[in-house]
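Peer 1: Please build the complete structure, drawing on both the sequences and the hints.
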Amino acid sequence: MGSRASTLLREEEIEEIKKETGFSHSQITRLYSRFTSLDKGENGFLGRIIKIPESPMCRRVVVSFREDQVNFKGFMRTLAHFRPIEDNEKNKNPPTSEPLNSRTNKLLFAFRLYDLDRDDKISRDELLQVLRMMVGVNISDDQLGSIADRTIQEADTNGDNCISFQEFIKVLEKVDVEQKMSIRFLH
Amino acid sequence: MAALWPVPLLISQSLWACLALTLPDGYPEPHNGPPTAGFNYSHVDPSVDLPRALRVFSLDYHHVQAPFEIVLWIMLASLAKLGFHWSGRVPAIVPESCVLIMVGLLVGGVIYGVRHSAPPTLSADAFFLFLLPPIVLDAGYFLPGRLFFENLGTILWYAVLGTLWNVLGIGLSLYGVCLLAPSSLGDISLLHCLLFGSLIAAVDPVAVLSVFQEMHVNEQLHILVFGESLLNDAVTVVLYKLFESFLRLPSVTGLDVLVGGCRVVVVGLGGLFVGLFFGLVAALTSRFTFRAQVIAPLFVFLYSYLSYLTSEMLHFSGIVAIVTCAVTMKQYVEANVSERSNTSIQYFLKMWSSVSETLIFIFLGVSTIQDIHMWSWPFVCSTLLLCLVWRATGVLLLTAVVNKLRRNAVTFRDQFIIAYGGLRGAICFSLVFLIDDFPKKRLFITTTIVVILFTVFVQGMTIKPLVELLDVKRKKRALPTVSEEIHSRLLDHLLSGIEDVVGYWGQHYWKDRFEQFNKKYLRRFLIGEHHQTHSSILRVYQEVERREQQGVEETPPVVDAHSSSRPLLPEEMDSIRRILSRNLQNFNNKQMPAYSRHTLHQDLTTDKTRKPLHRHQSLTERCTYHTITYCPQRADGEFSKSCRGRARLSRSHTVCSASPRWSERPDSLVPAALNHTQPSYPGPAEEEQDSPQRRTQIERATKKQLSFILENEKPL
Numbered sequence: 002m003g004s005r006a007s008t009l010l011r012e013e014e015i016e017e018i019k020k021e022t023g024f025s026h027s028q029i030t031r032l033y034s035r036f037t038s039l040d041k042g043e044n045g046f047l048g049r050i051i052k053i054p055e056s057p058m059c060r061r062v063v064v065s066f067r068e069d070q071v072n073f074k075g076f077m078r079t080l081a082h083f084r085p086i087e088d089n090e091k092n093k094n095p096p097t098s099e100p101l102n103s104r105t106n107k108l109l110f111a112f113r114l115y116d117l118d119r120d121d122k123i124s125r126d127e128l129l130q131v132l133r134m135m136v137g138v139n140i141s142d143d144q145l146g147s148i149a150d151r152t153i154q155e156a157d158t159n160g161d162n163c164i165s166f167q168e169f170i171k172v173l174e175k176v177d178v179e180q181k182m183s184i185r186f187l188h
Numbered sequence: 024m025a026a027l028w029p030v031p032l033l034i035s036q037s038l039w040a041c042l043a044l045t046l047p048d049g050y051p052e053p054h055n056g057p058p059t060a061g062f063n064y065s066h067v068d069p070s071v072d073l074p075r076a077l078r079v080f081s082l083d084y085h086h087v088q089a090p091f092e093i094v095l096w097i098m099l100a101s102l103a104k105l106g107f108h109w110s111g112r113v114p115a116i117v118p119e120s121c122v123l124i125m126v127g128l129l130v131g132g133v134i135y136g137v138r139h140s141a142p143p144t145l146s147a148d149a150f151f152l153f154l155l156p157p158i159v160l161d162a163g164y165f166l167p168g169r170l171f172f173e174n175l176g177t178i179l180w181y182a183v184l185g186t187l188w189n190v191l192g193i194g195l196s197l198y199g200v201c202l203l204a205p206s207s208l209g210d211i212s213l214l215h216c217l218l219f220g221s222l223i224a225a226v227d228p229v230a231v232l233s234v235f236q237e238m239h240v241n242e243q244l245h246i247l248v249f250g251e252s253l254l255n256d257a258v259t260v261v262l263y264k265l266f267e268s269f270l271r272l273p274s275v276t277g278l279d280v281l282v283g284g285c286r287v288v289v290v291g292l293g294g295l296f297v298g299l300f301f302g303l304v305a306a307l308t309s310r311f312t313f314r315a316q317v318i319a320p321l322f323v324f325l326y327s328y329l330s331y332l333t334s335e336m337l338h339f340s341g342i343v344a345i346v347t348c349a350v351t352m353k354q355y356v357e358a359n360v361s362e363r364s365n366t367s368i369q370y371f372l373k374m375w376s377s378v379s380e381t382l383i384f385i386f387l388g389v390s391t392i393q394d395i396h397m398w399s400w401p402f403v404c405s406t407l408l409l410c411l412v413w414r415a416t417g418v419l420l421l422t423a424v425v426n427k428l429r430r431n432a433v434t435f436r437d438q439f440i441i442a443y444g445g446l447r448g449a450i451c452f453s454l455v456f457l458i459d460d461f462p463k464k465r466l467f468i469t470t471t472i473v474v475i476l477f478t479v480f481v482q483g484m485t486i487k488p489l490v491e492l493l494d495v496k497r498k499k500r501a502l503p504t505v506s507e508e509i510h511s512r513l514l515d516h517l518l519s520g521i522e523d524v525v526g527y528w529g530q531h532y533w534k535d536r537f538e539q540f541n542k543k544y545l546r547r548f549l550i551g552e553h554h555q556t557h558s559s560i561l562r563v564y565q566e567v568e569r570r571e572q573q574g575v576e577e578t579p580p581v582v583d584a585h586s587s588s589r590p591l592l593p594e595e596m597d598s599i600r601r602i603l604s605r606n607l608q609n610f611n612n613k614q615m616p617a618y619s620r621h622t623l624h625q626d627l628t629t630d631k632t633r634k635p636l637h638r639h640q641s642l643t644e645r646c647t648y649h650t651i652t653y654c655p656q657r658a659d660g661e662f663s664k665s666c667r668g669r670a671r672l673s674r675s676h677t678v679c680s681a682s683p684r685w686s687e688r689p690d691s692l693v694p695a696a697l698n699h700t701q702p703s704y705p706g707p708a709e710e711e712q713d714s715p716q717r718r719t720q721i722e723r724a725t726k727k728q729l730s731f732i733l734e735n736e737k738p739l
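From first to last, the protein sequence lines are chains A and B. When we follow the numbering used here, the leftmost residue of the first sequence carries the number 2, and every step to the right adds one. When we follow the numbering used here, the leftmost residue of the second sequence carries the number 24, and every step to the right adds one.
Think of the hints as simulated: they come from the structure by calculation, not from any bench. Quick caveat: nothing in here was measured; it's all calculated off a predicted structure. Don't take each hint at face value.
[To be verified] BS3-like cross-link-like pairs, simulated, lysine-lysine; straight-line CA separation at most 25 Å:
(1) A:Lys181 <-> B:Lys427
(2) A:Lys19 <-> B:Lys427
(3) B:Lys264 <-> B:Lys464
Peer 2: The structure is reproduced here in structure tokens:
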């Protein structure tokens with residue numbers, strides 16, 4: 002998987018990815034060319050920080066994936082979360098587990114954005130970190146703290162001062178996650 | 024209604040003004056088109072009555088008559104506008120355009136009553152050459168560029184295809200109606216119907232703007248309707264001229280139609296290129312104005328007006344030209360001229376467009392009082408009906424197609440607003456006067472006036488309640504909880520980032536390409552050197568400031584952070600909501616209030632950010648404090664008169680490596696701030712120094728896992 006030599010995508014890999022993620026053949030090849038264009042050193046994987054070359058004002062996206070280095074499969078797996086949920090997913094064989102772009106999996110992806118130490122709970126500190134990133138410099142720490150407290154309070158049902166995944170799902174039940182986390186990938 | 028006392032004062036002044044206008048005998052209003060009565064200098068010249076004797080006091084009205092009357096009209100318009108805003112609850116119910124037309128009707132009636140002849144009408148030349156350009160220029164200058172280009176495909180789709188659909192539909196159906204009533208309408212040919220269709224189908228930017236801004240629609244919807252009304256000018260003008268020339272030809276062949284089709288493209292593109300050319304020249308000129316800063320704003324206006332006139336001269340679309348010119352030169356001019364000049368430019372634009380708009384509506388009202396009306400029930404009613412029907416079906420059909428290609432679908436509510444908000448205005452009015460004379464021309468004029476009045480009054484007044492009715496379902500939903508807001512925002516960030524990763528072609532690819540070209544060539548050429556180095560820092564701050572919503576007027580009450588389990592009091596809850604709504608960064612947020620005609624606060628952030636930039640020396644290893652004054656922006660877009668309080672927003676930007684744990688000092692750097700402010704260090708040269716710094720940051724901030732930081736570029 003992701004050996005240095007395989008800069009070309011093999012058919013069986015495409016099939017694997019297709020089965021796992023649900024992308025179509027053309028989408029996979031297109032995203033592969035995107036992957037290689039991002040992969041500056043032709044290493045076969047992306048580093049922690051991806052610099053988007055075309056972005057003119059040095060727009061940089063820092064997306065760190067599960068591992069320190071992301072190969073194409075991991076890349077596709079992550080992107081698979083963002084496929085729009087289609088009403089009629091035609092699958093020859095019913096998938097054994099939920100497809101990657103189901104609502105639960107999308108929410109799990111989002112949950113893991115918060116949950117940095119992967120203990121399946123969002124603690125107050127983790128929440129504060131993410132909040133601070135989103136909110137910018139204008140807010141004092143106290144105010145931010147209270148916002149974090151409020152957030153946890155709204156979600157926490159079992160009183161452990163952390164947000165578990167189930168509580169997270171419950172809080173976001175009214176939000177249209179499918180629409181918010183979907184990109185219309187070109188075919 | 025305590026604030027009504029100025030109203031009688033204003034009314035009396037207005038009445039005085041219009042009475043004064045009725046005084047001069049038979050001399051039509053100076054900027055009238057073909058003046059039927061010539062200069063009617065009376066034979067009596069009061070000042071020379073008693074030759075050789077010195078007079079203590081003399082009156083020579085004719086000497087100043089022309090400018091005096093113009094000023095009186097403008098004064099009347101402005102007073103009416105003032106009165107409108109002072110009149111209590113009226114603005115909530117009746118849009119400004121309606122009130123102005125009513126005032127115009129009143130004035131027209133008074134003049135008619137006093138003079139027993141038709142009051143001065145709005146001449147097409149005056150309208151197209153003097154009254155329309157400021158409005159369009161203002162609209163183009165403040166056009167939210169990024170949103171516009173993101174939705175450009177949809178806008179063009181609506182503008183070109185929608186207008187074609189409307190024109191052909193209305194024209195052909197009207198012809199059908201005329202065939203059905205041969206007795207009264209028999210002499211209206213197909214071409215006449217098509218000609219009429221072409222001028223009545225066009226949605227008018229002036230009317231649309233004036234109604235929409237009181238409606239507080241979201242940005243996306245606003246840009247769709249507004250963009251459409253701007254761009255359909257190209258199609259309308261071409262079709263109008265096409266049908267007009269067909270009318271003059273002895274016969275029409277297929278080749279002529281084809282030529283007409285080509286003309287649409289030529290007109291649109293021609294206007295575009297003229298606008299581009301003048302925009303670039305203006306940008307270049309502004310580069311050299313730093314020695315004579317006072318006249319810098321003048322260049323903006325002169326070049327824009329020149330572009331308009333040039334494209335009118337070449338029979339291109341003047342509106343497209345002037346909008347393109349404004350959009351093109353804006354970023355370079357803003358970088359080149361001083362802040363005061365920028366402010367002047369913006370204020371003058373607003374002022375002129377405001378005056379123009381008021382004058383247009385008043386004249387619409389005045390011109391309605393005329394001798395030359397011809398009424399025909401079937402024609403008028405069917406026109407009204409057909410306008411509505413064809414627009415509605417057009418919008419529905421087009422949206423059904425375009426929704427498949429868009430990411431943010433145009434909802435049904437939006438479609439309703441687009442269809443119902445297609446107001447006709449002064450452009451139709453002027454165009455109908457320009458038709459060559461034929462027996463039924465007066466009918467056309469009357470019908471046009473009726474349609475305009477109907478759309479402005481009925482549709483303008485009812486659109487807001489109808490929209491609120493449609494919104495009732497959405498309002499039942501409770502305010503989003505704090506969690507929901509935060510998590511939604513995170514998802515937005517995430518999505519933007521992933522889009523970046525994927526390199527979302529089609530939407531951003533060309534834009535990115537253009538930005539590269541822009542940076543490499545255009546900016547270097549068009550922006551003066553001593554501005555260049557600042558402009559990058561400028562952009563940093565512009566971006567950051569722009570994304571921060573206006574600051575608080577006084578620091579919000581500090582909430583006790585230690586208690587984590589007690590339920591929060593309502594006022595604390597409110598302050599939290601306020602903080603969130605103001606500070607969470609918005610990406611692709613469709614719910615932001617849109618461009619407003621009367622105030623500048625949409626762009627206030629970009630203006631005001633420039634002040635601290637010159638104080639800021641460098642971004643490294645230094646703590647700098649800025650006091651930036653903002654006009655706090657109200658979510659409901661009230662007029663800036665209520666927002667004039669100065670707000671203090673102090674921030675510091677420090678770039679030094681700090682631990683991910685924020686320290687206790689509220690002004691310390693946090694990694695996020697670093698990531699947000701640092702970023703757009705422009706130029707690839709600095710990327711390398713950035714990344715290691717950030718890499719360490721990130722490694723500390725996130726152990727293994729997904730952390731998502733997005734530095735966004737400055738939106739166009």
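Peer 1: Hints first: check each against the structure and report whether it holds.
Peer 2: Evaluation of the provided hints:
1. A:Lys181 <-> B:Lys427: holds, 17 Å
2. A:Lys19 <-> B:Lys427: holds, 24 Å
3. B:Lys264 <-> B:Lys464: Roughly 16 Å separates the two Cα atoms, so the pair holds.
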